[in-house]
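Here is how the chains run, residue by residue.
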Amino acid sequence: MLAATCFLVITLAMAWPVARRLNTHVTPGHEPAISVAYLNLWTVAWNHHWLKGHVDKYWDANQFYPHQKTLAYSEPQFGMGLLTFPLVCLGVNIVTAYNLLLLFFLWGAGMAVYMLCWYLFGKFEKKSVNTQTAAYHNYRWMAAVMAGILYGFHFYMFAEMGVLQLMATLFPPLTFLGIHRFFDNSRWRDALLFCTVFLGCWYTCAYYGLFLSVFVACFAIKLGYRKVLELEKKNLIRGAVTATITLVCLVPLIIGMQSAKKAMGLSRPKFMVEQISSVFMDYLRIPQNSWLYGRFLDIGNPDRGIFIGVSLLCLGATGAIAVLRTRTPKHFGEKHLVGRGIPQRVQNALFPQSYGLFYLSMAALAFWLSFGMALIPTDAIGLGVYRILAWLSPYNLLYQFVPGFSSIRSPYRFVVFCNLFLAVLAGWGLLWLTQRAGPRWRSILVLFLLTFTLFEFWPSCTRVFRVPRNLTELPPIYQHVKKLPVAATLIELPLERAFSQRGVEPQARIVYYSTFHRLRITNGYSGFTPLANVELSTVIAESVAEKVLEAFKTFGIQYILTHEDELNENEKQKLRVLEGKGLTLLAREDTDSLYKVNFNSTAVEDPLPPIEALTFYETRTSQGHVTLCLYYQVDEGQCELTTPWKRRIEYDVMWYSKSTQNEPILVSTGVYRNSKLLTKTGNAIEINLPAPPPGEYTVSVRQRAVADSNTMRGLCRIHESGFVNFEPIL
Amino acid sequence: MKTRLFLILVFCATALLTFGIYLDFQSKKKVVSPFHKITSDAPLSDRYSYISPVQLGVQAWHLGDFAAYQFKTNTDRKRLTFHVAAKPEGTTSNEFWLRVKGLVRLNEVDLEFWRLLSVKSLRSRRDSIEIIFASGAVPFLRPPPFLPYPVLLEPLGEVSVETANGTFKCQHYYAYLQAPDGSTKPLLELWANSSVRPLGIVRARWRDEVLELVETQTQVFSDIPEMLSKTIKVNNSQVPRIASHRQENERHPAKFSEFPSASVCTQCHDGNMGGRHLKLEAFFVLSGAELDLTEALYHTYAAQLTHPHKRLSLQTTSTRGQRWSELRFTWAKGSFSVFVKKHPLRRLVFFLDDVAHQGSILVTPTKGRVILHAIPPFL
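Keeping their order, the protein sequence lines are chains S and R. If you count the first sequence from 1, you need to add 3 to reach this note's numbering. If you count the second sequence from 1, you need to add 1 to reach this note's numbering.
These are computed hints drawn from the structure, not numbers from a lab. Nothing false has been slipped in among the hints.
Subject to a maximum C-alpha distance of 25 angstroms in a straight line, what follows is the list of computed DSS-like cross-link-like pairs (lysine-lysine): (1) K556/S / K683/S; (2) K273/S / K38/R; (3) K31/R / K273/S; (4) K683/S / K79/R.
Whole structure, please, built from the sequences with the hints as guidance.
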């Protein structure tokens with residue numbers, strides 16, 4: 004209880020700007036704009052919307068219309084929705100619920116590590132239970148609190164305050180606590196604890212869930228192999244039941260995410276992962292959001308860094324030394340250790356003997372994994388004898404063989420686990436130091452270290468921005484939007500300007516505002532943007548007004564909301580041309596106007612336009628693959644939308660060694676996994692396909708599941724070096 | 002005791018060996034990383050420059066050699082021109098200023114790339130410079146990417162190639178780029194004729210991108226703008242001069258009011274964001290890189306938070322990792338920063354923080370320092 008109060012005080016003090024404006028403002032953390040916070044507000048609100056039963060299809064959220072599975076384009080955050088749902092049901096507004104959850108995560112992260120350490124450091128061998136003294140008990144408490152502060156109030160947390168899901172760091176330590184307790188006691192309630200927090204981790208932040216799974220597997224191997232060897236039947240059954248229930252509960256999340264991944268090709272290419280992997284310098288980059296480094300010493304770096312912190316590093320190293328020195332007391336003999344000043348109770352603690360080295364190795368593994376693909380280039384060619392290292396890179400192995408890793412792009416976030424294991428070691432290090440120090444110095448030492456840690460981690464002033472909480476706080480035009488039919492589709496102009504945080508913030512804001520009117524909007528902001536939306540921006544910027552209207556039509560847009568003060572002259576001019584010719588003004592408030600599109604704009608379901616030509620050429624990255632490029636016949640002024648759900652592009656490709664009379668040597672299905680706005684100048688679609696071995700082939704391409712589709716043929720030469728040449732057979 | 006000592010020695014030796022291997026590996030990785038970037042990502046408009054005209058049979062360049070190509074992709078068509086435009090005065094080497102136009106168009110303005118090259122290689126030397134120039138703007142000097150990978154040509158036979166400039170009898174090649182360990186990766190497919198100067202290329206292809214000859218001329222002479230002609234006369238030690246020039250001006254900031262400052266971003270801002278003082282800042286930083294900074298300021302920035310109420314640093318970094326200089330600005334009421342970072346292909350990439358993008362920054366030089374003022378709502 005005392006620890007909970009301590010962490011609550013620290014949370015409120017460190018995140019005071021958030022706590023002070025709990026119901027009106029949100030913080031972007033170190034993000035330059037509040038775009039991610041808007042997205043998270045929208046995501047949490049969407050979860051509430053679904054939990055209230057207002058929508059049937061959970062994954063088909065109301066952005067990026069007419070695309071589907073749009074909730075899975077970034078974290079669905081069902082856990083966040085579930086945690087805040089009772090508050091919202093009680094009438095708390097979404098902003099307050101969001102901020103309360105944020106503060107809860109901050110508090111919970113410290114508490115979770117405190118609980119883990121309290122449990123780990125309190126495990127004694129039976130013979131030494133009697134030696135436990137009140138003083139030791141107090142220092143154990145302080146060590147656990149210190150570990151909680153080191154983990155829960157780390158720079159990382161305050162830097163990522165704008166990304167709600169990254170704040171959900173309380174679940175990994177609770178998961179490890181659940182594992183420890185379950186393997187120690189084999190009780191159902193411990194299994195339930197593990198199951199709940201592990202699923203909580205997955206459902207709040209899939210990133211951490213995936214990373215956590217790696218360490219849970221390591222823990223299960225470390226702790227469970229004895230039970231397997233000793234055939235402890237009861238424990239094994241309970242373990243298997245727990246694992247099965249956990250996996251079954253994960254199925255809905257995985258299926259939802261996978262369906263979006265399969266449809267839209269959400270995989271992250273290796274080069275992208277390489278770019279967002281940490282490099283060694285990131286660990287040395289001192290954060291600017293620390294008051295000590297950023298303002299007082301003025302040595303902070305505005306770039307993203309994952310500096311571990313002096314206190315965490317020093318105490319973690321002390322903990323490592325303590326573990327190495329006390330882990331095998333039986334081998335050295337108690338007298339030997341006592342003679343070296345290591346107290347009996349520390350020697351007999353179970354943590355260093357059973358888990359210390361393991362936690363140390365897990366910290367090292369997390370540190371290594373945080374480098375992702377940065378240590379070893381994604382392509383091993385040119386590295387000589389070091390080519391083999393590319394395959395031995397642990398992250399590369401995870402990327403290649405563990406489902407889910409190919410969909411994430413930020414391995415640097417493994418640093419959270421490095422911090423966690425180091426924090427536990429740091430807690431142990433502090434306990435070890437207190438036991439070695441003289442009675443007079445113990446309190447001073449602990450007090451000094453606690454003060455220094457808080458001083459080091461103290462964040463500089465957290466920025467907060469006011470956000471609207473209900474419809475009345477939105478611009479007046481949204482009152483008119485709210486009156487539109489529930490099934491209406493809307494686009495707000497302008498669309499995204501440039502790919503930058505500032506450029507996308509208006510889109511994120513529009514997405515958040517849609518929580519108040521719930522119409523389906525073509526705008527969107529997420530970790531992934533469908534290609535057709537990007538192309539729609541291009542059409543709006545570069546095409547004549549009539550073609551822009553055609554593009555709106557193919558998207559099935561019925562209403563347009565324009566913010567004229569944000570439009571450029573070009574866009575204003577097009578709008579003026581369309582007013583009266585294709586758009587009818589419904590309402591105007593200040594500089595915002597709401598138009599109705601003058602046609603029966605339902606999503607078009609005509610067949611795809613015919614193919615003008617096709618060719619094969621080299622792929623960009625994948626070895627053993629070729630690219631099939633299809634050119635569609637699209638007239639000037641025409642716009643055609645294809646998505647994986649409507650007008651799906653799917654072709655059967657057959658490779659023949661000589662003529663098409665023989666059996667094909669390779670048959671593959673080429674599916675275009677994205678959306679596309681086909682125009683006269685953007686009429687090409689690229690599909691990656693597996694290629695047969697080098698040689699000359701006759702290749703035939705036919706649209707799948709379309710009975711009267713034409714078959715196109717050509718001669719394709721695949722050179723050993725990777726060059727591909729194609730000649731069509733007319 | 003002996004066992005422990007032995008174990009410590011083994012541990013130290015292993016650690017040293019591992020560290021040595023790591024360093025060796027990192028050095029190899031550093032060399033090979035650009036190779037991967039080129040062979041996987043680079044467009045044809047970068048790839049052609051690895052081919053040496055001599056390899057394709059072009060013996061010499063003459064002043065006035067000119068070739069125009071059509072550059073086609075699935076979504077784009079543009080005209081690229083290569084012109085042997087000038088020879089540096091007072092030199093006996095066979096190097097010429099090759100002017101490449103049509104590669105990049107920014108805010109409705111065509112950028113020209115001027116490089117001092119010879120027929121032996123279209124790749125710049127390690128110590129050479131590249132000039133980016135647009136009509137009416139101050140030339141922007143930057144060290145070009147230096148990538149030392151050899152190109153191997155695999156001849157495939159002679160073929161006739163029809164182009165808009167006539168039919169050419171060409172040697173057909175597959176070109177490969179060779180990594181330091183001897184392994185190769187495809188670079189481009191090309192059709193070459195030695196009579197086509199300055200490049201020798203009639204057609205080149207990589208994936209869906211095609212470069213095809215549309216026009217050749219000799220004895221094409223054009224006036225070099227005065228601002229540029231002054232620049233290309235100077236020798237290759239210009240790069241360090243930029244830094245010294247800037248430092249000198251830092252001591253006398255009033256000089257910068259002489260520069261013109263008209264720049265309008267047509268894509269996302271209707272006005273001159275930040276006012277004329279912001280443009281002065283841009284000139285101050287990079288010695289007149291108006292167009293590049295326009296791009297940087299308005300479009301390709303990645304926002305970084307610089308905390309208010311603190312000093313901020315502005316660094317310019319040369320492409321070889323050496324700092325040209327470091328500028329520090331005192332600003333008590335807000336933040337504004339430009340970060341110049343090294344791109345894997347050794348291009349300069351600019352980063353701005355979000356506050357600067359608000360258009361609320363005014364920059365005034367005062368007492369040897371540039372003071373940045375923010376107007377509400379950022380105060």
